[in-house]
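**Student:** Sequence:
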Amino acid sequence: MKLHRFAAFGLSSSLLLASAIFLPSFSSQAWANQTKDQLMAQEVSVLSSSDFITVEQDHQTTGQVRVIRLNGKRYLDFDSDFTTAQGPDVQIILYRGNKVPLNVSEENYITLAKLKSFNGSQRYEIPDNIDLDDLKSVGIWCRKFNVTFAYASLS
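So the sequence shown is numbered by UniProt numbering: it starts at 1 and just counts up by one.
Hints should not be assumed to be uniformly reliable.
Dumping the calculated BS3-like pairs for lysine-lysine here, alpha-carbon to alpha-carbon at most 25 Å [what the hints assert, rightly or not]:
1) Lys116 to Lys99
2) Lys144 to Lys114
3) Lys144 to Lys99
What follows is a list of derived Cβ distance ranges for each label pair [unchecked claim]:
4) Arg123 to Asn98: 32 to 40 Å
5) Gln60 to Arg123: 19 to 27 Å
6) Ile53 to Lys114: 15 to 23 Å
7) Val44 to Asp133: 15 to 23 Å
8) Lys144 to Gly72: 14 to 22 Å
9) Ser48 to Ser80: 25 to 33 Å
10) Ser155 to Thr111: 19 to 27 Å
Simulated from the structure, these hints should not be mistaken for laboratory data. Note that CB positions come from ideal geometry on N, CA and C, so glycine has one too.
Input sequences plus hints: build the corresponding full structure.
**Tutor:** Here it is as structure tokens:
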């Protein structure tokens, strides 16, 4: 009789221990899958898309830029094919006109950010207080020499 009780105690202890080991693992995996599904469900809305056009021929620029909305925020999204010439103090600007000229006047643009990389995909947040109805294009611009490398229309 004592042997049966000991065996039953051993079996129930083993089951309890196994559930303590495997259930948290399963719960963590289920949570990770749910989080992954939620992230995949976040939709990216493409508001506009355009190819870069080189302005200064010594500073060839290629690739595409999109204005996207993700999680309620707007971004400029450069594709993986983006490439531009290297230069000092290269900035991303938003320009009032549809085409960004070689040299820009201060009253016609807003500096969005310093260029992160001369090639490859990259993303820049557009602050909520910037009205894209007033700014028609994005430019790759060297502040030091006031030279526009390229632009893309945002409309």
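**Student:** Work down the list of hints and note, for each, if the structure agrees.
**Tutor:** Hint check results:
1. Under the criterion of a C-alpha separation no larger than 25 Å, the hint pairing Lys116 with Lys99 is consistent with the structure, at around 23 Å.
2. Note on Lys144 and Lys114: the hinted pairing holds, with a Cα-Cα distance of about 12 Å set against a maximum of 25 Å.
3. Restraint check for Lys144 and Lys99: the C-alpha separation of about 20 Å stays at or below 25 Å, so the hint holds.
4. For the pair Arg123 and Asn98, the supplied restraint of 32 to 40 Å is violated, since their beta-carbon distance comes to about 23 Å.
5. Distance hint for Gln60 and Arg123: a CB-CB separation of about 22 Å, consistent with the stated range 19 to 27 Å.
6. At roughly 21 Å, the beta-carbon separation of Ile53 and Lys114 lies within the given 15 to 23 Å, and the hint holds.
7. Range check, Val44 to Asp133: about 21 Å between beta-carbon atoms, so the 15 to 23 Å window is met.
8. Taking the beta carbon of each, Lys144 and Gly72 are about 35 Å apart, not inside 14 to 22 Å as hinted.
9. Here the CB-CB span from Ser48 to Ser80 is close to 19 Å, at odds with the stated 25 to 33 Å.
10. Distance hint check: the CB atoms of Ser155 and Thr111 are about 20 Å apart, consistent with the given range 19 to 27 Å.
The structure shown violates the earlier hints numbered 4, 8 and 9.
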